[in-house]
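Here the protein sequences line up with chains A and B, keeping their order.
Note that our numbering has the first sequence beginning at 1, numbered continuously upward.
Note that our numbering has the second sequence beginning at 284, numbered continuously upward.
None of these hints come from the bench; they were simulated from the model.
Quick caveat: nothing in here was measured; it's all calculated off a predicted structure.
Treat the hints with caution; some may be incorrect.
[What the hints assert, rightly or not] Now the stretches of chain A that chain B is said to cover, found in silico as 3 or more residues with beta-carbon under 8 Å:
no. : segment
1   : 54-61
2   : 171-181
3   : 184-190
[As the list claims (entries may be wrong)] Derived pair list, reagent style DSS-like, types lysine-lysine, alpha-carbon separation capped at 27 Å:
no. : chain 1 : residue 1 : chain 2 : residue 2
4   : A       : K19       : A       : K280
5   : B       : K519      : A       : K280
6   : B       : K366      : A       : K280
Virtual Cβ for every residue (Gly too), placed ideally from N, Cα, C.
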Amino acid sequence: MTDLVVDLAADCPSAAPPKLVGMREFGVGKRSTVGISVATALLILGAWQGASSLHLAPHLFLPSPSEVYAAAQSVFEDGYANATLWEHVSASLARILIAAVIAIGLGAPIGLVMGLSRWAKGIFDAPIEFYWPLPPLAYLPLMIIWLGIGEASKITLLALAMFAPVALSAQAGVRSVTQERVNAALSLGATRLQLLREVVFPSALPEILTGVRIALGVGWSTLVAAELIAATRGIGYMIMSASQFLATDVVFVGIGIIAACAFAFSFLMRAVERRFAPWKGQS
Amino acid sequence: MLRVDNASVYFAARDGKPVHALDRVSLDIPERGFVVALGTSGCGKSTLLNAMAGFLPLSSGSITLNGHEVTAPGAERGVVFQKDTLLPWKSVIENVALGLKFAGVGRKERRARAEELLRLVGLQDFADSAPYELSGGMRQRVGIARALAPDPAILLMDEPFGALDSMTREQMQELLVDVWARTGKQIFFITHSIEEALFLGTQLIVMSPRPGRIVARYDLDFVNQFARDRDARAIKTAPAFAVLREEARAVVHQFEAVRSSEV
C-alpha cells in the first residue's frame, strides 16, 4: 500500500515567524519608486541652490530657487504681462481642453471607423499620414493666415495636433479585437451595432485612452509653442514676455506651472484609465 | 436536426493554390444527439465546426438546421471556444447574459435566467466576479453557460477542454454530460482525446487530414450509461470501452501513417 505521509510537527506553530519569500523579479519589479524619485528631485534642487549660491552661472541666467519662489509669489499676487496668473493659466487650459474635446470627439469615432471599414481607412489614411509627422509650428503660419490671430487658429492647430494620436490609437484598438471575440458575439446573436457597442468599443477603449494621454502631451508642447508666437494671454505668452525682459525667474515660474498642469493631466488620465479600463493587461 | 450535406471547403494557401480542407462531409446530428469529432490536427474538424457556426462559407454542399440553411452566425447555434472569449470588462453574470441582452431581454429577466444558468454549471457564487479572477475550468463553465443563454438548438464546442489539466477536464466532461442530459441540446463536440470522445458522444466520427473527411463512424452508449449511473470509472475501465478505444486509436493512427508515408 501507499504510505500517507503527514508530518504532524508541521501543524504546530513554531516560535519564530516564517521567513517570507517571493519569486525573484526581473527589471523594475513591483516596489515603489516614489522615494527614489523624491530623493532625486531634492538632489536637483540642492544642486541648483548650490550652483546659484556659488555663482557658477551669472545671476541673470540662473536665479536661485528662493528668487524663483519670490517671483512665483509676486506673479501669483500681482499677475504678469497685463493679466493675472489665473487669466494666463485659464486661457491655456481653455485652449487645450476645447481642442482635446474636438480631437477626441472626432478622432475616436473616425479611428474606430478606420479600423472597421476599408473605405474609411483608405480615405483617412492619406491625409493623416501626410500631416501627422509635420511639426505643428510648421503650419501655424497657415492657420494664422486662414483663421486670424484669435483663438480659432490656436485651437485648430491644437486640435489637429491631438487628433492624429487619438484616431491612430482608436484604429489600433479596433485591430486588437480578436476574431474569436467577434465570432463569439455574433454566435450569441449580436447585430452589427451591438457588436460595435458591446465588444469593439470596449476592446478598443484602453488603446484610445493611451492615445488621449499621448495627445495631451502633444497638446501641451504645441500649445506653449503656439502661445510663444501669437497670443496676448496664456502661460506660453507669459514665458515669452518674461524672456524678452530677461526675467529668468518668471520664465522658471512659467515652466513650473506648465509642468504642474501636465502632471495633473497625466495623473487624471491614469485615474480615468483605472476607472474605465481596469481590465487592461488582464486578458 | 442539424444536417451537413456533402460539405467541401477549399482555402487559398499563401501562394494562392487551393488547399482542400474538407472533402464532401455528410453528417446528421439528431435531436438529443451528442456527436463527437475526433482527429489529429489539420483533419478539418475545426473547419467543419466553423462552417456549422456560420463563420465560414462552404465551397460546395450545404448545412441546414431544422430545414433552414446556415449562412451566417446566429443565436440558434451556440459556440464554446477552446480559448475562452469572455469579455473582461463584464462580470461573470453579465457575460452569461450577453446573448439575452443582444436579444433585447429586459435587465431583470436577464439576471434571473443568467443566475439559473450559473447554478447549472455550479458557479452561482461567482456571479459578480471578473472573468480574469476565475480559473481556466471555471471560465470554460462560464463559456458554456453563456452559449446556453439564448437557448440555442445546438451547442458547437471546439476543443473546449483542450487547455485544461486532466483532473479538471474529467470534472468538466461529467458536468457537460449533466448539462446535456438536463437541457437535451444537440451537441457537436471536437476533441483530439480518444477517451474523451468515447465517453461523451452518442455518435463518434473519426476524421483524417488532407483532405479532411470522415473515415469512421461509431454509435456509442457510454454517455447514456453515465447519465444514468453516474459512474465514470466503471465506464472507462469496462472492457467494451477499452476495445473501442484501441479500435479508434488504430483508425486514427492508420490514416496518419498512410498520409505520412505518401509524403
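What hint numbers does the structure not satisfy? 1, 4 and 5
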